[in-house]
Amino acid sequence: MQLIVELLLFGLTLGGLYAMVAMGLTLQYGVARIMHLAYGEWLIAAAFGAYAAFTYWQVNPLITLALSLPVGFAVNWLVYQVLLSPLVRRTQAGPALEVDSLLATFGLLFVVQGVMVVLFGGSYHSYNFAAEAVNIGGALIARNRLIMFGLTVLAGLSIYLFLSRTRAGAAVRAVATAPGNAPLVGIDVRKVSAITFAVGGALVAAGGVLASMFLTFSASMGVIFTMKALIVIIMGGVGNMLGAVVAGLLLGMAETLVARLVDPGLTLAVNYLLFLSVLLWRPAGLFGRPVR
Amino acid sequence: MLEVSGLSVSYGRHLALSGAALSVARGEIVAMLGANGAGKSTLLKAVAGMVAAHPGARIELDGRSLVGQAPHHIVDRGLALVPEGRGVFGELSVEENLALGAYPSRARAAEARTRASVLDLFPRLGERLGQQVRTMSGGEQQMVAIGRALMSAPTILLLDEPSLGLSPLLSHELFQALRRIRDTGLGILLVEQNARLSLEIGDRAYVMATGVVSGGGSAAQALDDDAVQRAYLGAV
Ligand SMILES: Nc1ncnc2c1ncn2[C@@H]1O[C@H](COP(=O)(O)OP(=O)(O)OP(=O)(O)O)[C@@H](O)[C@H]1O
Ligand SMILES: [Mg+2]
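The listed protein sequences derive, respectively, from chains A and B. Sequential numbering from 1 applies to the first sequence in this note's numbering. Sequential numbering from 1 applies to the second sequence in this note's numbering.
Simulated from the structure, these hints should not be mistaken for lab results. Keep in mind the model is a prediction, meaning the values are calculated, not measured. We treat Cβ as the ideally placed atom computed from N, Cα and C, and that holds for glycine. Heads up, a few of these hints could be off.
A short list of chain B residues far from chain A (calculated; beta carbon distances all over 12 Å) [claimed, not checked]:
(1) Arg113
(2) Thr155
(3) Ala177
(4) Arg179
(5) Arg230
If you want the footprint, here are the derived chain B segments under chain A, 3+ residues with CB under 8 Å [stated by the list, open to error]:
(6) 65-75
(7) 89-97
Pairwise CB distance ranges (calculated) [as the list claims (entries may be wrong)]:
(8) A/Glu98 x B/Leu15: 30 to 40 Å
(9) A/Ala74 x B/Gly130: 32 to 42 Å
(10) A/Arg167 x B/Gly56: 37 to 47 Å
(11) A/Val117 x B/Arg106: 44 to 54 Å
(12) B/Arg179 x A/Val153: 49 to 59 Å
(13) B/Ala112 x A/Gly169: 19 to 29 Å
(14) A/Gly122 x B/His14: 54 to 64 Å
(15) A/Arg167 x B/Thr184: 23 to 33 Å
In isolation and in its complexed conformation, chain A is listed as follows (with noise of 0.2 Å):
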């Protein structure tokens, strides 16, 4: 029984990291169409920015957690302003604006990824904080987790509210699902989609920061980050929010129960195996409508 409780409460806050990662790059890509690859970049910028915040100036990581999502929106709004923004124009936001900002990212991964190397090192870091642990139904789990699976939680919660009961939430989804209808209605599709993008950075910045409370990290881990919120939001269904938390939930209860009954080795094979096994039952994912 406190096996399971244990379980349940160790996937559902791993999960809730994976959900809220994953509805930041639905929402980029879904929205403004950008395939960002240096994605988790910035997921394990904000853990280096918060581990040093907190080792070197003693900085309360919550602290760092509320400057992360003003931060992660500024950076990535600039990069969607300066880097992509050509691309956009160019392809006249087009087919081919996909590969072409695949590409542009891919070099903008590496630009990050050196900056992290030079700064910290290559090997892995972390720091104590609310790592106490917590009694729930016998269960024991550290305050960390439990501090971040709220927040998550809360996270998910508002941009759902946002999305489905705001006109400016019905603007962002009129974007993502009829680009050229929006600007009828007179939706600025470039400001829509460099906003939209920009929340998607405020989002895996803010998970950067909780990831660092409770997760060992080292500067190349972010396209571990990246695939694995790709995954989510291809077993979700791209562009669906409510997709990306439960695939997001889904793969946080499979990596946990697998590392903790059978082999920890083996936690990115389950993710293969539950992204096959998705995609052969739903090739559209699990939220996703197929395309007719």
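Following the hints, complete the assembly by docking chain B with the ligands onto the known chain A.
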């Protein structure tokens, strides 16, 4: 008042519109007839800013130039387009489509009133507010498209073949609705294949052939015109 002159548009080397000129005043319906490929849709898209015009074109709304403005700015200036194929947001609900119609800032102040009059005009939409637009019939989607355009509180409304795919009865209802919209003081430019219906409700009419616009007289006159009769009304 919409005034256009010297409007030319090319797709690559193909000249689709050559020096088009026309005007639409508030409170009138202006019909635009023309064969397939004549350039009618191109004209509407150029006015709405969705395709680029050659230099030297004049497009003015109430005396202010729209040339070179982005489409999303033009909506905010008071010119709304219902394009060929309707351009609705199929994944969103009727309610959300209407709310997005009022996205331009000019529409916000009177939004509740406009919404009430749109639902009065198309009661069907009021019964289907929660329905996803892509699951609606063609006629209902056309109502969403027109209702959404009206939500932006335009002074000029451009309609590209609104009766396409509608039954005669539904087309008739739709055109009655257009009359009522005109009577509220909007100017409507109506591109139609259904020449008889559009000349019946139109106040004035233009005829377009291979990128050139002619006519501009009263619609009744066009109904009597031999050439128009032969080309568009099936007379021999
Ligand atoms: N995107 C485009 N690229 C190239 N040529 C185009 C494009 N759009 C239209 N054309 C050409 O421009 C001409 C005018 O097209 P347009 O769509 O304006 O005609 P239309 O009068 O609306 O016809 P219909 O009654 O069939 O809708 C046609 O010869 C068409 O092939
Ligand atoms: Mg046409």
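Practice task
Take the C-beta atom of A/Val117 and the C-beta atom of B/Arg106, compute their distance, and say whether it sits inside 44 to 54 Å.
Solution key: Given about 52 Å between the Cβ atoms, the range holds.
Exercise for the section: Could you tell me whether the CB distance from A/Gly122 to B/His14 stays inside 54 to 64 Å? Expected result: For B/His14 against A/Gly122, whose Cβ atoms are near 58 Å apart, the range 54 to 64 Å holds.
Practice task
For B/Arg179 and A/Val153, compare the CB-CB distance with the range 49 to 59 Å and indicate the outcome.
Solution key: Given a distance of about 53 Å, which is inside 49 to 59 Å, the answer is holds.
Exercise for the section: With respect to the beta-carbon atoms only, verify the hint that A/Arg167 and B/Gly56 lie 37 to 47 Å apart. Expected result: holds (39 Å)
Practice task
Mind verifying the non-interface call on B/Arg179? Its CB should be farther than 12 Å from each CB in chain A.
Solution key: The claim holds: B/Arg179 sits with its nearest Cβ about 23 Å from chain A, beyond 12 Å.
Exercise for the section: Please count how many residues of the region 89-97 of chain B have a CB within 8 Å of a CB from chain A and say whether that reaches 3. Expected result: holds (count 5)
Problem - Distance rule for B/Arg230, whose beta carbon must clear each one in chain A by more than 12 Å - result: holds (36 Å)
Practice task
For the range 30 to 40 Å, tell me whether the beta carbons of A/Glu98 and B/Leu15 fit it or not.
Solution key: Once the Cβ atoms are compared, 33 Å apart, the range 30 to 40 Å for B/Leu15 and A/Glu98 holds.
Problem - Least C-beta distance from B/Arg113 to chain A larger than 12 Å - result: holds (17 Å)
Problem - Beta-carbon spacing of B/Ala112 to A/Gly169 - inside the hinted bounds 19 to 29 Å or not - result: Because 20 Å falls inside the window, the suggested range holds.
Exercise for the section: Using the beta carbons of A/Ala74 and B/Gly130, state whether their distance is inside 32 to 42 Å or not. Expected result: Once the Cβ atoms are compared, 38 Å apart, the range 32 to 42 Å for B/Gly130 and A/Ala74 holds.
Problem - Within 8 Å of chain A's CB atoms, at least three CB atoms from the region 65-75 of chain B: coverage verdict - result: holds (count 5)
Consistency note: the structure conflicts with none of the earlier hints.
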